[in-house]
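Residue strings, one per chain:
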Amino acid sequence: MILEAVKYLAYVLIFPGFLFCFLTGLLLSGIDRKLVARMQKRVGPPILQPFYDFFKLCGKETIIPAAANRTVFLMAPLVGLAGLVVLQLFIPVFSFTAFSSVADVIVILYLLLIPALSIMIGGGATGSPYAGVGLSREMVTVLSCELPLVLVLLAVCKKVGAATGTGLCFSLTEIVRYQMANGSLLGKLSMIPAAVAFLMVIPGETGSHPFDAAEAETEICEGMLAEYSGAPLGVYKLSHSVKILSMTSLFVMLFLGGIGGGIQNLVLALGLAGGAAGALTILLDVIVLFLLCVILTAVAISFVHAVTARLKIEQIFKYYWTVVSALALVSLVLAWYGL
Amino acid sequence: MNMLSLQHFPIYSIMVLFLGAFLIVIFGQNKVFRHTVALLATFASFFFMAMLFKPVMLEGQTIAYWLGNRVPAGGYAIGIALEVDALSLFFGLLVSCVVFVACIYSIQYMSHDDNVPQYYTLFLMLAGGVMGLVLSGDLFNMFIMVEILTFAAVALTAFRNTANGALEAAFKYLVVGCIGSTCILAGTIVLYAQVHTLNLAQMSALIPGNLSSATKLAFALLFIGFCTKAFLVPFHPLAADAHGAAPASISVLISGVLTKSGIYGLIRLSYFLFQSMALGTMQFWLVFLGSVSMFVCVTMALAQHDFKRLLAFHSISQIGYVLASVGLCTAFGISAGLYHAMNHTLFKGLLFLAAGAVLHETGTTDLGKLGGLSKKMPHTTVLFLVGAFSISGIPPFNGFASKWMIYQATYQRAVETGNIGFLLVTICALVTSTLTLASFVKVTQSVFFGQLPKEYENVKEVPFGMRLAMGILAAMCLVTGLLPNMVTRYLTEPAARAVFSVVDYINNMMGSGYAQSAMAAQPLNPDVSFASAGVWSPVSWLCLLMIALLAVTIVAIAGKYDRVSIKTPENRSGKYDLFYGGEETVYSQVGGDDLFWGFKHNWRHYFSFMHELHSGVVNDYALWAVVALALAIVYALIVL
Amino acid sequence: MILLNYIASFFLIVLGLYCIVVKYNLVKTVIGLSIMDYGVNLLIITIGFNPGGTAPIFTWGELHPESFFVDPIPQALTLTSIVIGACVTAMSLALVMKLEEQYNTIDTREIRRLRG
Amino acid sequence: MFKKLIEESTGKSPWLFHINAGSCNGCDIELVSVLTPRYDAERLGFKLAGSPRHADIVVVTGPITAQSLPRVLRSIEQVPEPRCIVTMGSCPQSGNVFRGSYSICGPLSKYVHVDVDVAGCTPKPEAVIDGLALATQILQEKRRAMK
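Line by line, the protein sequences give chains Y, W, E and G.
Oh and the first sequence: position 36 is 35 in numbering that gives the first Met the number 0, straight run, nothing missing.
Oh and the second sequence: position 439 is 438 in numbering that gives the first Met the number 0, straight run, nothing missing.
Oh and the third sequence: position 37 is 36 in numbering that gives the first Met the number 0, straight run, nothing missing.
Oh and the fourth sequence: position 132 is 131 in numbering that gives the first Met the number 0, straight run, nothing missing.
Just chain Y, with the same shape it has in the complex:
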């Protein structure tokens, strides 16, 4: 009983929870910054730069504006971060799932809203007009991403459900398990548009270039973050990095889950047995997941960042509800008719 409790606590605190999110998230965003710099022929900051930023912000004074509500101002970032960490617990790492029977894909879709909400409420509570404008844009960005995301998730559910004979499959663990047995969904023709659409959603959800109208530092002083300073700001920056991890690992699990099957076969081929095999599998899973996340970050965030300029908010909305949604819809229709 106590052992169980310790195990679950370790899940939440260490892997795949808090510590893992902290390290990988910041590392991913460091790699992102480095890659963007290299693409622009700059040297770029060290890969550990986000860590420096985070710790520096922890050492700064926290100014609470007189107009702000102190409790909301301080708690909102923490709730957002906690929400993200919990979300990460529901995303399996190939064969390893911390909590599979708590939440399904639709719940994950809604949990993705919690960090955005926390930043909106925290920013709104300061009363700054910049925060108001930022909030408006953030909400529209969330709104824009929602439709394609919904379509992609429904397409995947339908595809896996039809293939496994249950008709519908909302459980992410099941989706990964299916892929481990039958190869990645990216290999299926009908899922390719959905995967592309999801890739396009990643920068929008994480609020990176060119979809960062909500946090445009040059025009609206980083919007909702305008009044934040010190450690709460650091927590928001951390949440932002962790969200990159969440979105990319969600992509891996939705479309590239088949790689986990390869890892299992590899471990089997090595002839290991028992605990050693399990440990090695998890280790390899994590390493592979991390590498894939890096690649996805490079493709979906860094590259897009380096080659585009910031869009206006109505352009973001239009882009997502036309181009990206159409791609996802194609996938959904194909999956519906069993292709």
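Among the hints, erroneous ones may be present.
As the list claims (entries may be wrong) - SDA-like, lysine to any residue: derived pairs with alpha carbons at most 20 Å apart: (1) K141(G) - V322(Y); (2) K46(G) - G580(W); (3) K2(G) - T552(W); (4) K459(W) - D365(W).
Claimed, not checked - A few chain W residues that don't get close to chain E, going by computed Cβ distances all over 10 Å: (5) W65; (6) E167; (7) A192; (8) R308; (9) G362; (10) L481; (11) L482; (12) R488; (13) V538; (14) K574; (15) V617; (16) N618; (17) A621; (18) V638.
Derived by calculation from the structure, the hints in this document are not laboratory data.
Source: prediction; values computed, not measured.
Idealized CB from N, CA, C, for every residue including glycine.
Model the placement of chains W, E and G on the given structure of chain Y, informed by the hints.
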């Protein structure tokens, strides 16, 4: 017969409300007396309903009560009956509970108005009307109750007749409401001409086998009649007007309770009287109507600039969810729909009460004029946020649990039938949910966050009684969201099962064996399974969130997270002011109806079209009603 | 004769609806509501009427299987319906009076502060 | 250890907030050029912040006109501790060619403690980077002095 046997409780729970109304008319000048009677009557009504919980919900009984003990003779139900099956009781519990909370709220909310005795009389009449409607076992009595509640609702809408638009809203509601009531009466009488009875159970046995053009016409008439009571599209402008103008405690009843009576009527009509839900075309009709309602009203809500009007449109949007889910004709779908109906009553009640609190303190509900109230009314803000999160389906509040079930139900139905239309409903529901979130973010920003206008410097928190009422509803929102399994097992699943056991319903009323002998057609009897493909356990999620939050907070506090520089008079000079690009702080509130212009810009043609369409002229709304009636008649004649 | 009643009631209902939809005068709208109501009342009475039947008034023991009378239930319904109709008219006229005070007009096209 | 980590990091991630106090725009352009691929100050962790609340180093350009003075001071005040103030170009230090004008309130050091002055009209990017690096060291020391 023992006066305290359970048999009598349904009639008691209606009568106490009317009795209370009567007493307040006579002795209502005394303030204490009036409040005591109103509270006692509403609580007693709730108590009688709650006493029926065990036999009806847990043991699956149907309680039949014949007024004057005139039981059916010779296969004909002559007397007037009350029939309480799990479906009726579900709505009865919901209604009486919210009525009680609204009554607590009224005491302090209405303290500044004059003619308060009349208010309580009408309030209790409205509550009694709805209770009578959901417990009645007689179609003509349903009509009477519809008239009573429409009448009380109209009068209460116009209660603050000096307020802007109250009279206008009341008149529009009266006109279209009367068209609806007349439709119900005409439908009732046409059915009577066919089967020569008014008892619901007997009609359910006789009608399905004897469909003729006349009964089909009656179906369309009754359908439109109940649609006006539920304010479904195209009757939604009335809801917006009426909710916006009525006092908040009445808006709670109109939106949370009155619309439910319409949904109840539709369920009784299509699942019991006509048993037509097995038809794909009927399912299409209901689901389509529900989807259109949910989408049109949520977009209308996004364009509103009045707090209560915005809430009113949302309430129709949520009713759309309920109808779409109920129209699926699966046990799981009905369970999900009823669950959402319950949640809607709770969170919409909470939101209207919060809007009422804002109105009570500031005197306006215009989103463009408010702002920054979170510093002045912290409790109201938190309670409002609970309601806002619930309605936008943010876990772990109750809105999410039921919406999640609705997504599963529609998608499952789509996969089972291979009909891509149901899939569109799922997508529509998911997108609508996000749009709902957007409009509540707008309200939050415009009313509670942002900057406080000068004239509201002296605003105070609302009195305890009002906060108590909101607190009760907020706690219920959280509890029903955290324990979805309990709610479905003890409330919605018995009700959903009752919907599918028409034969038992008839036999209970008319004597066993009646259904088998009288029914020409085989009743609808699909397998009643409540299985779903997804998993969601809110308690575990909340535990995990709490652990994570605790961990993060401990780390944060250990790292001197809230180290704040000390405020002293010397360095007060501007450090703690907001950053305005270096300028001194000036009043500049970002909010109001145009907050999401990035979204609205892309939809500008749609929005301007909708704006033109909702012209506010009562003739137009009446015309919509007539057109809807004509369409319903044509559709019913063709497909039924 | 009965058919004429049905036609008349249908005509009255449609006339009432027409009046509500087309007339911009609030009082005429109220009149339309009443006419519609009368149409439905006529319909109810007609449904309950049996040609050649007697009034449904019997003392104890007078009723036997071959007695032929008009259906009493619709008549009861009509009474209720008439009462409700009267209430609606009273209420709506009261509202019209108040509206006239507030808006200084009884033209529906000008009473549209709540729109959009 | 945590404290040491923070001190270490403070030197590696200085965020700039740029205030134009009536500058001719020459220094502003030059400051931006510091961030371009050729000089790439981001390799040292420099970043332009949008709001003074996020900043560590405040870079002031221009001769502090009477109009801008209260705004400059207010913005500087809104920067959380530890903070560094850097003047860039000759204007905020001496007034440069605008010296003696009726509308000039400079130099900045009359009002607040200035940590680093980068002189020149305009200073070369190399000089700016050098000055900013110096400011970073001062920042680190200030952090060390804090409890």
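Hint by hint, here is what the structure shows:
Annotation: proposed proximity of K141(G) to V322(Y) is violated, straight-line Cα distance about 51 Å (limit 20 Å). Taking the CA atoms of K46(G) and G580(W), the gap is about 19 Å. The hint holds against a cut of 20 Å. For a cut-off of 20 Å, the pair hint linking K2(G) to T552(W) stands: about 19 Å separates their Cα positions. Distance hint between K459(W) and D365(W) is fulfilled; the C-alpha atoms sit about 18 Å from each other, no more than 20 Å.
Even its closest Cβ contact with chain E, about 16 Å, leaves W65(W) beyond 10 Å, as expected for a residue assigned away from the interface. Not every Cβ of chain E is farther than 10 Å from the Cβ of E167(W); the closest lies at roughly 5 Å, contradicting the non-interface assignment. The claim that A192(W) is not at the interface with chain E is violated, since a C-beta of that chain comes within 10 Å of its own (minimum 4 Å). With a least CB separation of 8 Å from chain E, R308(W) falls inside the 10 Å interface cut-off, contrary to its annotation.
Against chain E, the non-interface label of G362(W) holds: every CB pair exceeds 10 Å, the least being about 18 Å. With a closest Cβ-Cβ approach of about 38 Å to chain E, L481(W) is found to remain outside the 10 Å limit, as its non-interface label requires. Under the 10 Å C-beta cut-off, the non-interface status given to L482(W) relative to chain E holds; the minimum distance is some 40 Å. Its beta-carbon lying about 41 Å from the closest one in chain E, R488(W) satisfies the requirement of being farther than 10 Å from that chain.
The non-interface label for V538(W) is consistent with chain E: the shortest C-beta to C-beta separation is roughly 43 Å, beyond 10 Å. For K574(W), the non-interface assignment is confirmed: its Cβ lies about 44 Å from the closest Cβ of chain E, beyond the 10 Å cut-off. For V617(W), the shortest C-beta to C-beta distance to chain E comes to about 5 Å, within the 10 Å cut-off, and the non-interface label is violated. With a least CB separation of 6 Å from chain E, N618(W) falls inside the 10 Å interface cut-off, contrary to its annotation.
In this structure A621(W) is not separated from chain E by more than 10 Å, as the shortest Cβ-Cβ distance comes to only about 5 Å. For V638(W), the condition that its CB be more than 10 Å from all CB atoms of chain E holds, with the nearest at approximately 23 Å.
In summary, the numbered hints that this structure violates are 1, 6, 7, 8, 15, 16, 17.
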